[in-house]
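Protein chains in written order, with the working numbering: chain X, 714 to 845; chain G, 652 to 1409.
I should point out that these hints are in silico values taken from the structure, not numbers from a laboratory. A few of these clues could be false.
List of simulated lysine-lysine pairs, DSBU-like, C-alpha gap at most 30 Å [as the list claims (entries may be wrong)]: (1) G:Lys1209 / X:Lys770; (2) G:Lys1387 / X:Lys770; (3) X:Lys730 / G:Lys1340; (4) G:Lys1257 / X:Lys715; (5) X:Lys730 / G:Lys1227; (6) G:Lys859 / G:Lys872; (7) G:Lys674 / G:Lys859; (8) G:Lys1150 / G:Lys1174; (9) G:Lys1073 / X:Lys819; (10) G:Lys743 / X:Lys819; (11) X:Lys770 / G:Lys1149; (12) G:Lys1340 / G:Lys743; (13) X:Lys770 / G:Lys887; (14) X:Lys770 / G:Lys1340.
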Amino acid sequence: MKVAMTEYLRIDLKSEKWECRVCDHEIAPARGNYKEGLLVHDRDPREIHPPIIDPDKYRFTFSPDPEWVRILEYCCPSCGTQVETEYAVPGHPPLYDMEVDLEALKAQWAARGEAAAPYAGPAVVRDEGHGH
Amino acid sequence: MNDMSIAGRGKLPSAEEAALVKKFLNDTTLFLGPDPEIMQNHDLMPRTADEDEAIAKVADSHIIAKIRDRIQAGCDEGYEMVEQMGAAPGAKWGDVITGVYSASGDLAIASAGGVLIFSALVHHPIKFIIKNWINDPTVGVREGDGFIHNDSRYGNVHNTDQSMILPIFHKGRLVCWVASTVHEGENGAIEPGGMPSMAESPSDEGLKMSPFKVVENYQIKRDILTFLQNSVREPKLQYEDMKVKLFACLRIKQRIEETLNTDGPEALVSTLRLTMENVRAEVKRRISEWPDMTVRTYIIQDSTLRENCVVKINCKLTKTGDRLIFDFRGSAPEFTNRATNTIVAGLKGMLAQVFLCYVWPDLPRGQAAFAPIEVITDPHSIVNCSYDAPNSQSLMSIFTGFTAGQHAVAKFLYSCPEKFTKVHAPTFNMINTFVWGGVSQHGETLGNLCADLNGMGAGATVDRDGEHALAPIFATMADIGEQELNEEEVPFLQLVSKKMTRDAIAPGKYRGGQGYTMMVATKDSEQWGFMTVCQGAKIPPLQGLFGGYACGCYPLSKVKGVDVYDVLLNTPEKFKHSIEEIMNEQPFEGASYTTHHMGMGFEISKRGELFMISQGAGAGYGDLLERDPRGVIKDIEEGLISPAVAARTYKVAFDPETLAIDEKATEEARAAERKARIARSRPYSEFVKDWSKPTPPTHLQYFGAWGDDVETLYMGSPEKTRDAEVPRPNYMPHPKDVRIAELEARLAAVGAMGGEKQ
Chain X
714 MKVAMTEYLR
724 IDLKSEKWEC
734 RVCDHEIAPA
744 RGNYKEGLLV
754 HDRDPREIHP
764 PIIDPDKYRF
774 TFSPDPEWVR
784 ILEYCCPSCG
794 TQVETEYAVP
804 GHPPLYDMEV
814 DLEALKAQWA
824 ARGEAAAPYA
834 GPAVVRDEGH
844 GH
Chain G
652 MNDMSIAGRG
662 KLPSAEEAAL
672 VKKFLNDTTL
682 FLGPDPEIMQ
692 NHDLMPRTAD
702 EDEAIAKVAD
712 SHIIAKIRDR
722 IQAGCDEGYE
732 MVEQMGAAPG
742 AKWGDVITGV
752 YSASGDLAIA
762 SAGGVLIFSA
772 LVHHPIKFII
782 KNWINDPTVG
792 VREGDGFIHN
802 DSRYGNVHNT
812 DQSMILPIFH
822 KGRLVCWVAS
832 TVHEGENGAI
842 EPGGMPSMAE
852 SPSDEGLKMS
862 PFKVVENYQI
872 KRDILTFLQN
882 SVREPKLQYE
892 DMKVKLFACL
902 RIKQRIEETL
912 NTDGPEALVS
922 TLRLTMENVR
932 AEVKRRISEW
942 PDMTVRTYII
952 QDSTLRENCV
962 VKINCKLTKT
972 GDRLIFDFRG
982 SAPEFTNRAT
992 NTIVAGLKGM
1002 LAQVFLCYVW
1012 PDLPRGQAAF
1022 APIEVITDPH
1032 SIVNCSYDAP
1042 NSQSLMSIFT
1052 GFTAGQHAVA
1062 KFLYSCPEKF
1072 TKVHAPTFNM
1082 INTFVWGGVS
1092 QHGETLGNLC
1102 ADLNGMGAGA
1112 TVDRDGEHAL
1122 APIFATMADI
1132 GEQELNEEEV
1142 PFLQLVSKKM
1152 TRDAIAPGKY
1162 RGGQGYTMMV
1172 ATKDSEQWGF
1182 MTVCQGAKIP
1192 PLQGLFGGYA
1202 CGCYPLSKVK
1212 GVDVYDVLLN
1222 TPEKFKHSIE
1232 EIMNEQPFEG
1242 ASYTTHHMGM
1252 GFEISKRGEL
1262 FMISQGAGAG
1272 YGDLLERDPR
1282 GVIKDIEEGL
1292 ISPAVAARTY
1302 KVAFDPETLA
1312 IDEKATEEAR
1322 AAERKARIAR
1332 SRPYSEFVKD
1342 WSKPTPPTHL
1352 QYFGAWGDDV
1362 ETLYMGSPEK
1372 TRDAEVPRPN
1382 YMPHPKDVRI
1392 AELEARLAAV
1402 GAMGGEKQ
């Protein structure tokens, strides 16, 4: 059984691996940090959040200060999908952000049965009004 | 007070002796400060004998539901009264709430609209009243009494919020409490508006009302009222809103009495108790559906509002079975002389909003939804500050704490089949607005703020863009008010208001909702000024979700040496409607154009000077290369993003004239970008070897734990630390002293100090 854990990651309960949901690439052991199987890029935040006012004239420009914060971009080594981002203080060790108790996950899904596609959550729908 | 451990020389006191010592200490208490027994506990009080008896008599779920709806309607009625009649600007846009509390003080039912966190934190002062005043012969709690409160150290978000609390009796027996809370704003603090960023100690924070009696026989005591009016800058507002809150409480009391008359006190008591117990049990059931996991995240505050520095809010969220534990250890140490600290109850109240506003909005609003969730912090930290620390800008820490919680919770929810809302990237979390004060065009002394803080951009969800300027994270049902109505009472205009700030984006497969530009200029007063109280001019205060990006940064821009009203009268074509144009084109000759972080202390403004800020965007969700190109073009058409930034960021190819999408070229550009990502990125293990450092960088003043080691808290430099468990003073120098020292060093370096004696 495979359980979708994020938009782009799933855990194969049998093989005990993190997998890419876009290209099925096997990323890393599910008992560990999925980031260890991804590629990382240290992004200058000004490339994503462009200065709105002239950086030659002003100290603050609407862009993050690249000496104060960086964006760590994690992508799948196989398909290049950007799996996660992390706004990090320069030099701060990346976070082990999802540490899953695999045995508990197996037990939970064994009780639930086959994993369905993840449910997006309730939609806001137009009221049909009274029918009688 | 808490039980004390009494150590003797090898002899422990007997139970009788310990009781005697406790009685002695109680009888001779010199000061009833905030009670840790009350303030550290957010769970429900134990069921009382009265509640047991009531539940034994009335437990039919239909009766309970009927009565709950009646009480809920009563709370909503009280809420409407305060919103319609309240004088505080906050009251008019819904910074208000009413609630009914059990006889033990727990919040059972709150109004459907308004700021839930207010009432979720009023159980503390009620419990203080119960513990200290009921049996005190000099105070007492009787029918017709009303108590006032605002000191956050006794329970509250911050001291702008004032509560009116009434005990409700039935045939001489206390059956419940009602309370009404409003963000009143002005409270006589060192700066107008009630939320001073300049406060360096609690003594700078203005009126500090521990819970005390201000109403007897349903009448406000005039002597105390006069004292309170004398203590604030808006004496008329103080009186009017005390009356409004009192009458709202009396209306809810009337509705409760109607229920008491038709169904009896047991039905009421049972309804309040079972509502809370059922919600608590349901929350534990819902948590048990999440995966067992630990999620780690952190949010960075980039200032204390006085100076830029790096302040960590560290969050580890662990779910095991039906337990959910927020662990904020490793967050920054408390600042001894900065106002951004929060008491831990404020943090808990805000975390409750994650659940009641964004995860389980179907649950009855009350204290129970957060009751079973656990919170751990370091002592004397920025999220659990001491009695002596200022906390008038606690919003900075409870909002970033909220975002850490919202970010972490999303990672639990994705795989959970049972959902009550959609998985949600963090919503913007700063109160980007103008706080103002001075003497109005009508000669009134005022101090308050614009409702624009309520227009925070929403985070994107699993299948939809975030909505623009939607709602504040603390009140999904609040309003942003009518600026034009406000302008009748204040001597400034918002020359640009509610215009989306172009390119201030949070990209993703689904982008975050954006924020709008605000430009203000004083017009009809020589004694008027503004302040701003936000972080995020150097580091975004959010994280993105599942490959999406956070928002960018939001500075303050000023234009001085201009009277923009003269410009509008004589050369209106020079006025521009965006910060981008005004700051880049500098259209007013001779004016000065400057940028600043968003912690502007109160500053008197001259007629026609421009102060310009922007509301923020919620975070994006998912890989931006998956964004539907049509959504990108729509954003261009709506002025949210410029064509050049859209093409560069989203890799969409389109005709610059017609905006027609070139599907094939877009597909190719995106495929090329995916390859480019792989080419420029490095395997994790290689990357961390270069990237990760053992201590914070020396060029930043860094506060909090570094990496996984939460035992050591950094205090501004790699050399200065404290043991997380052992508090140390953490003073910041005055920013002007820092600047003077810098300038003097430069003068000394060029030998220009002129032989000044030292």
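Structure-based check of each hint:
no.	hint	in the structure
1	G:Lys1209 / X:Lys770	holds (13 Å)
2	G:Lys1387 / X:Lys770	holds (23 Å)
3	X:Lys730 / G:Lys1340	holds (24 Å)
4	G:Lys1257 / X:Lys715	violated (64 Å)
5	X:Lys730 / G:Lys1227	violated (56 Å)
6	G:Lys859 / G:Lys872	holds (18 Å)
7	G:Lys674 / G:Lys859	holds (28 Å)
8	G:Lys1150 / G:Lys1174	holds (21 Å)
9	G:Lys1073 / X:Lys819	holds (24 Å)
10	G:Lys743 / X:Lys819	violated (51 Å)
11	X:Lys770 / G:Lys1149	holds (26 Å)
12	G:Lys1340 / G:Lys743	violated (55 Å)
13	X:Lys770 / G:Lys887	violated (46 Å)
14	X:Lys770 / G:Lys1340	violated (37 Å)
In this structure, the earlier hints numbered 4, 5, 10, 12, 13, 14 are contradicted, and the remaining ones agree with it.
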